[in-house]
Structures are given as structure tokens and as C-alpha cells.
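Chains as they are written, first to last, in my numbering: chain A, 761 to 1022; chain B, 145 to 936.
These are calculated hints, taken from the structure and not from any lab test.
These figures come from a predicted structure and were not determined experimentally.
Some hints could be false.
As the list claims (entries may be wrong) - Some chain B residues flagged as far from chain A (calculated, every beta-carbon gap over 10 Å): (1) M174; (2) H302; (3) A330; (4) S740; (5) P868.
What the hints assert, rightly or not - Below, a list of computed lysine-lysine pairs in the DSS-like style, where the Cα atoms sit at most 27 Å apart: (6) B:K718 / B:K738; (7) A:K798 / B:K269; (8) B:K712 / A:K798; (9) B:K597 / B:K550; (10) B:K746 / B:K719; (11) B:K328 / B:K919; (12) B:K421 / B:K196; (13) B:K802 / A:K1011; (14) B:K269 / B:K291; (15) A:K768 / A:K894; (16) A:K1011 / B:K597; (17) A:K927 / A:K839.
Quick reminder that beta carbons are idealized off the backbone N, C-alpha and C, glycines included.
Listed here are the chains, written in short residue letters.
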Amino acid sequence: MHNFDFAKPSTIADAANALAGEGAQALSGGQTLIPTMKQRLAAPGVLVSLTGIAEMQGVCTGDGGLHIGAATSHAVVAKDAHPHYRALAELAGGIGDPAVRSRGTIGGSIANNDPAACYPSAVLASGATVVTNKRRIGSDDYFQGLFTTALEEGEFITSVVFPIPQKAAYVKFNQPASRFALTGVFVAKFANGVRVAVTGAGNDGVFRWKEAEAALSANFSASAISGLTVDPAGMNTDLHGSAAYRANLVKVLTGRAVTAAG
Amino acid sequence: MPKDHGIGASSKRREDIRFLTGRGVYTDDMALHAQAAAVFVRSNVAHGRIGKIDTTKASAMPGVLAIFTGEDFKDVGGNPAGWLINSRDGTPMREPKRPVLAHGKVRHVGDAYAAVIAETVAQAKDAAEQLAEDSVIEELPAIVDMKAAVADASNRVHDEIPDNVCFDWGWIEDNRAAVDAAMKAAPHVVTLNLVNNRLIPNAMEPRASIGEYNPGTGDYKLTTTSQNPHLTRLLVAAFVLGIPENKLTVVAPDVGGGFGSKIYHYGEEALVLAAAKKLGRPVRWTAERSESFLTDAHGRDHVTKIELGCTKDGEILAIRTETLANVGAYLSNFSTATPTFLHGTLMSGPYKVPHVYVNVKTVFTNTAPVDAYRGAGRPEATYSLERVIDQMCRELGLDPFEVRRKNLLTPDQFPYQSPVGLLYDTGNYQATLDKAVQMADVAGFEKRAAESKARGKLRGMGLSTWIEACGIAPSNLVGILGSRVGLFDAATVRVNATGNISVMVGAHSHGQGHETVFAQIVAEKLGIPESSVDIVHGDTSKIPFGMGSYGSRSLAVCGTAMTKAVDKIIAKGKKIAAHMLEAAEGDITFEDGKFSVSGTDKAKTFGEIAFSAYVPHNYPLETLEPGLEETAFYDPANFTYPAGAYICEVEVDEGTGKVEVVAFHCADDFGNVMNPMIVEGQVHGGVGQGIGQALLEFTTYDENGQLLTGSYMDYPMPRAEDVPFYNVDYSCQTPCTHNPLGVKGCGEAGAIGSPPAVVNAVIDALHRGGHTHVKHIDMPVSPSRVWSAING
Ligand SMILES: Cc1cc2nc3c(=O)[nH]c(=O)nc-3n(C[C@H](O)[C@H](O)[C@H](O)COP(=O)(O)OP(=O)(O)OC[C@H]3O[C@@H](n4cnc5c(N)ncnc54)[C@H](O)[C@@H]3O)c2cc1C
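Build out the structure end to end from the sequences listed, making use of the hints.
Next comes the structure, spelled out in C-alpha cells:
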């Protein structure tokens, strides 16, 4: 690790100022950024911790659904979101291990947009809104490919607002080593239709499986998708699974998620 | 009532008090005065010619004290292979020099070609980064695949070795023609092509070494993560640096796991010593986890074709194997023994097979060195054999339990001279098989399979009846086979004046529990409390010359030496007692900690005798030396032959291909058991590693020789949820006939016997589910491979 300066502002405004500085980078739970720095693959001059800002912490219900502060840890979401949005809480409770869950945060996860991360599927399937220090971004506009988002230079996430579906479930199939999602499917049924978001599988990061959404909006049961196929062409191949395998998982896990959602 | 003390008791592991409370002292925990830090500059290409290494900038960086390159070591020795193996045609193996730092060429990613010593690790890293930038390494095409390495003579790992082959070994070469003939005549021949997947050891504690040098005395000290401090001392002193052995102390303090990877001497150990001498300061290096992945000796990596000739009713007539074994870029110390004498000699398993022939070609590649890893050669042999037997059963429609029963050696056939050179002293393989069948409720399997099916899962059952040879090894025998060292062990029992005891042993505990078990044995034999006995290990300045721990040898070999030393203590005690009790030595008996005159109530306690030995006021000084301390060396007469039967049940999820081990039953014969709890723990750990190999772990280098599974993001280690609650039994006991404790090794059994049981269970499940086209799936039997096999 190279040397760096450290700032821990207590307001969003102070954080915005600090992040506007030369070589500054946001630090949330540090579960991605710190290992990258240790490997000397990143060397920010100033780390601006977002975890001391009260407004960015915690889970509460409000306008538009469930509001989760961007610096809220996975462990807190797993516990406090449970009464309101169980599938989301369970997703948070299935990330990494207890140490990762008590440090890693929803904002860090969504900002990083790792193609195998869990949260992006929940955000996209829920049609959530990503709130930043500058604006509100709809989930369909927010995710823009592997490790790429709509966030601009100096912009940071302050909270995420999740509409609460009637039924939902997340089914994750672990990559055997990292236990990130080799493929994970989040299914959310709203009054006006079903959204299905897939993480871990796509060449281009999290995506919506629109054919399944249409079929499930008409008939919310696992059998509704039995005739559908997923094209391996858009899927990722790596050491742990081929594109064809992932295409299979997308379908199998979607069916299981629908069943789990009840 | 189970015993609560001494031999056979499940005494709690005394070492766990310090390990579990954070009081263990590992090499990296030691902060020495004026200690400097070493960081290695490692190749990021698999194969390359080293050009100019310009140290100018790096040397001038803050805190930098010294820089070493391969040039600095070009005149010292190489790190040698421990076994010299001859090829089938009688020519000796090719043994390229393995230098302290790469010189001329780098040969695998991670190969160190320079080292920076600085005040702090951070400064050394900064300078190492600079030095890497200022080094010219001309990349050459990488040799990764063994078949390609052998086929293409134009590209060489070592310029002087034309076909990248270290040796081409036949075992037993003289039997080759007879085996070929038997195979030809066999009514049925089964053939399987198997890959025994390459594993990365992943000991919890990464390797670490501290070098010290005292200019006042010329003494060196190496504190290092070693399984065998004396062997390391011998290699560093006599072979590499040319330091007299008496001028080098090697200390292996608490060591956090080894699994084989810390048997070997590595260049980093020589480097910290040379640097300490140059600077007159202690120099420490601790591997980062990514260095462990790249440079710890890996395990397994065999590609095997096995053929089995049999009758139509499953009697095995002949076995023939052809194996390519990867040794990586350099020969690690045991790398030539592992695929040969630890593998070929086990190829008849626990069966009566008249004809067996094993051929192994070892191949150099631009990958990390490969060497012994828990089980070392025996898992590879067991896997090949148990897989091909299952395949035979499938092809001939035979029951795998019955076929094994038919071919297993029977108790009346011992001692048994195997066709591949081993003399099995004792065993009862039917007993362990019967026990496993009972433990696993084999009769109830169909009902369990139906329940699984109702939950949408395919259930399968797999069997493996295994044997291994451990407790290595008779020195005269291994000498004939090419070993350059002896494999005895040694112990000194020092009775202190107040009757408590320090036992200095050549075995080294890096998690096994010697400090507990060895003390139980001494306490039992001397009739004193276990708490009066301490075990000292891991320091060449304190212990007698022993060969350390690997090959499940600690108890069978070092434990025997210790037992013999205790016997000498008792014998001397009798002499002292005879004097004190004014009786004839022949009338003294020793029991329950008391020396008594037979037929009388005259007696002296062990403590009284010890005291008298050190305060010899009433003592036969004319005929007996004072003091009570004895050393014994023991060279085993034979290997020990633990054996057992393992039954695994799995459930397969057809949708995802995921395999879950739902039950695992082990019926083992370890001879006499000293501490059942520790034996169970060893079996649990071994089977856990076996399940890891069978379902999860793999090592992938890409075509450029880059390690793709170089971190826990991609290298899957087994976790608690990947293993079942084990069902372990060791009640079938045929005590070893040639050591006084009657013990066989238990440390590697689990890792040897389990992988084929798991894979056999998966194939069974798929066949029961109608996927009868699946003949074999290579390990790891990962979800994607299972799914592809089903849908392929
Ligand atoms: C062992 C391990 C296992 C894991 N397993 C899983 C898993 O199963 N599933 C899963 O989804 N994830 C997993 N993770 C990832 C983890 O959940 C974290 O969510 C993730 O590392 C990022 O969150 P963080 O708070 O740690 O972010 P940090 O590491 O602090 O930051 C990550 C990146 O986001 C930026 N950033 C942070 N906060 C903000 C913000 N509010 N606005 C804008 N940019 C910001 C940082 O500058 C940095 O570039 C795992 C991580 C580890 C170490």
C-alpha cells in the first residue's frame, strides 16, 4: 500500500468538498478498495470516508419505499430491512462472510458495480432510485456495464430508495471460490408487472431478462418460463463456468426465485 | 469407561491453549532488534531470459540496505533433489540446478530473480517495484502443457534438457513384458484416462524466514516455517551455502500448517541468511498470500491412463498405468520420489493382483515446482485404482462392494509381498469394509435415494477401499531406491532431578498435536502424570538429529525412537533401584511408576530414582554414570500400512450440477490408537482436503503460464458448509508388527482414501438418474463440469 491522506467528513456537503480535491476517492466499507490498494493497484492521494455521515446511515421507510443510506452495512440491511423487504434483507445477509457484511456497504457495492455483485440485481429488479449528492438516477439508467455506472467525477451515492414489491426473492448460485454470484437472479413482482434482474452471468454486467418478465407478468409461476431459453451469446465464460452453463443457470435460478417468492 | 489419561485417552490438545488464545509464536511474530525486511522481485512472465538488471535507482531509494541478484549466488550450490531416480534405460534423471535466485532465465511466474533488503517492508517493496521496472526480461514462449512440453523439443524449460523430461521410470521394469502379456490375455480390459488435479497447499501460515548472523562467533541462525529443521539445515548448509552444519542453527517455531509444502528448502531461506551475513543484522521475509500461491510447491498434477485386465466376473488380473507427472520448473526436494516410489509402489492397492506395471514420465514446465502434498503419490495411485475398479463394475454389471470383496487380500495372506515392491505386514481389509457397510447403512440406501428424489435430487453412493504406505522409511531400502538421505528419527528423554521430563524429538508438529500425544505415551510408560512431560521440538540446537514430520511418520518413527529412549530410562532406573534397594537388578520390576523388588513390598518411586540420579549420594557411581537422560535413534524396519474403507453419499442437483456430500463414513485401521480424538481430527482434516480436491480445488495456468487461480477469488478452498458431519471409526485394529507401539500413520489417510469415494458417488448418482453416458468427470467435479457432463 502506498501512503495516503485520510478525511472523515460528517456532512454530505463536506464530503462533496473533500471529494472535489485532487486525487480524492470515496471510501465506504473498504472491502473492495482496501484490498486493491494493498495490491498496489490503486493509490489514491486522499481517502474520504463516507461512514461518518449520519444521513448516509440506516434503513427507514419513506416516500417511494424503503430508504437505505449509502454507507449502511450489509449486516444492518440484513437485520433492519427484513420487516419491510425480506428478499432484499436476505440478499444482504448472503453477501460474503460476517466480517465483510459488517464493513461492506450498499453504496460501495453499487458504486463499484462488480458484475458478480448481488446488490445490483436488487436495485435493478426493484426499479430502485439511486440518490446522489447531485441528483436521482433511475436503476435502468444507472448500471452501464462492467464496473461502470452513471456516476460522474466527484459524484457519490447518498442513499438508495427501493419500491417494495408484492413478492420477491433472490436466488444466488455461488462462485465456488469467491462466493460472489456465479449467477444470481432477483425476481420482483409489483402490481404493474414483474421485473427480473440477473447478476453474475451477463457479458455486460447486471441485466433485465425481459422475456421472463413478460411471461411472469402474465403468469407468476415457475412454469411460465419453461418454454423460454437464454441465449449464451450474451453470457460470460470464465474458469468457473461457460456461457452455456450460465445461460442455463439464469433460467433455472429464475424458476427457483419465482417459486421462492411464493 | 474410556481412559482419561495416557495411551488411548482423548487427552485435550495442550498446544491449543496457546493457539486458540493467540499466544502461539510464529516466525512473523518475532521482532528482533535491528531487523531488516526482505522483499523478492519475482518474474511476471513464465519463461524469460534475464538481461540487464539495473540496480542504480533502486539502491538509492529510502531505506534500501542491499540488493541481491542471481549473480550473487552463481558460485554457491543449488537446492538439490532428495531422490535420484533412474530412467527405464538406466540413465540417471536430469537434475538442473535450482539456484537461490534465478540466474540466466526465469522459469515460472513468481520465480525470484532479485531481492531487496530495506529498513521496512514498505521501503523494500517500493524499491522492488523500481527494480522490476529497471530489469530487462526477454519473454520466451511458455511451456505449460505437459504433452506439448514432451512433444516439442524446440522449446525448453532448461536449455540443457532437450525433451523437458526429467526421467521416464518403469516400475517394475523387469515385469513389463509379463504385464503386457497378462493384459493381452485378459478376458476384459477397462481403460480410463484421468487427471489428478494440481493443488495449491494453502497452509494457513504463509512461509516466513528470519536469517541471523553473529560476526563475533561466525554462527548463523535460521528461523523458518519448516516441517523438518534438521533436513533444512542439511540442505542449506551442506548443499547450498556451504556453511558448516555446526555453525547453523535452524529453528522452526510454531508453524501454521504445512501439508508437505514446508518440508522443502526454498531459496528465500538461503537469501535471508546471506543477507544477514552481509548486513550484520537480522533479515526477515514473510510471504504474502499471493506469493504462497505462486511459489509454495504445488501438489499432484498427474495425467494418467490406467488399464485394468480382469475376468468377466471381476477378478483383477493385471494393471498397467502410464502417467505424465508435472514437476514444474525446478526439482523440489521430494518431487522425484512423489510420483515414483510413493505412487508406483501402491498401484496394487489392498488387492491381490498378480501383474502390475507403472510407467511415469516426469515433465518440466514453466509452472511452480510440484512436490509432495498430504498423501503424496498415494492419493494419485488410490484414485486411479478405485476409479478404474468402479468403471470395471459398471462395464461388467457387477456390484462394487462384491468386486472389492472378491479381490481384497485376506488376513491369512499377510505378510504379503506386493508385485510393486512392498511387504504389507498386516491388515484385515474385509473387517474395515464390513464396518463401513454397516456404518453407512448400505442396505437402506434405496430408501434414502427415494427421499432425495422426492426433493428433486439424485443420490449416489461411492466406495473406496484404500491402503497406503507411510511411516517413512527404512533407510537402507530408500537408499537403494535413490534417496539421498536417511529416514530414521530420534528422541532424547531428559528426566530432570525433580522427576519431570523434557523430551526432545526430531519430529516437528505444525498442528498435528505431538506435544499432547507424545507426552501421553511417556506418561503411560513411566506411570507419571502427562503434565510432568513436555515435548520440545523444532530447534536443531536442542533436539537430536531427526528428519521431521511428513509421510505420516511422526508417531511410527519418532514415537518409536522416543519409546526406545524411555525403555533405556527404565533400564537405567532399574539399576539405580537395585542399588538403593540392595537387590539384584534382575529382581527389579517397574510398574505404575514404581521400581519394586519382586515378591516384596520394597519399592522406590520414579521420582526417588530420578532424584538419586542427580543427587547421587547413594548411587553405584563405580559402575553407573549419574544423570537420567537417554537418546535413541530408530530406523523403521518397514513402512506401516494403514488401510480402510470409505463410503460417500452425495446428492446432485441436476439443474445446477452442484454436488453436495451428504454423508461420509470412514472405517480405518490405524493399528493401535494413542489418542482417539486426535486421530478423528486427522481423519476429518484429511477427508476435508480430499473433498476439496474432489469437488472444488483446481489450479489453472493459461497458455502464457500465468496462474489464473492465484487468489481465493478463484481458488476454491473447502469450507465448513462443503463437508458433512463425518462418521469415523478406527475400531478395526491390526497393530503394526514392527514397531513397539503397534501404530500406523493416520495423517494422510483421509486425503488418500476420499477423492475416489466422492467421484464414484457422483458417477453413481448420474447413472441412477439415467445419465448413463457419463463415464467419468475429472476432478474437481464442479457444478459446471457436472452440468456439462449431463448435458454433453
Ligand atoms: C471476501 C469478500 C466476499 C464478498 N462477497 C460478496 C458477495 O457475495 N456479494 C457481493 O455482492 N459482494 C461481495 N463482496 C463485496 C462487498 O460486499 C462490498 O460491498 C464491496 O466490496 C464494496 O462495498 P464497500 O462498502 O466495501 O466499498 P469500498 O471498498 O469502500 O469502495 C468500493 C468502490 O466504490 C467507491 N465508493 C464507495 N462508496 C461510494 C459512494 N457512496 N458513492 C460513490 N462511490 C463510492 C469507492 O471509491 C471504491 O471505488 C465481498 C467482498 C469480500 C472482501
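Results for each hint:
| no. | hint | verdict |
| --- | --- | --- |
| 1 | M174 | holds, 23 Å |
| 2 | H302 | holds, 29 Å |
| 3 | A330 | holds, 39 Å |
| 4 | S740 | holds, 60 Å |
| 5 | P868 | holds, 17 Å |
| 6 | B:K718 / B:K738 | holds, 10 Å |
| 7 | A:K798 / B:K269 | holds, 11 Å |
| 8 | B:K712 / A:K798 | violated, 56 Å |
| 9 | B:K597 / B:K550 | violated, 32 Å |
| 10 | B:K746 / B:K719 | holds, 15 Å |
| 11 | B:K328 / B:K919 | holds, 23 Å |
| 12 | B:K421 / B:K196 | holds, 26 Å |
| 13 | B:K802 / A:K1011 | holds, 15 Å |
| 14 | B:K269 / B:K291 | violated, 38 Å |
| 15 | A:K768 / A:K894 | holds, 20 Å |
| 16 | A:K1011 / B:K597 | holds, 21 Å |
| 17 | A:K927 / A:K839 | holds, 19 Å |
The structure shown violates the earlier hints numbered 8, 9, 14.
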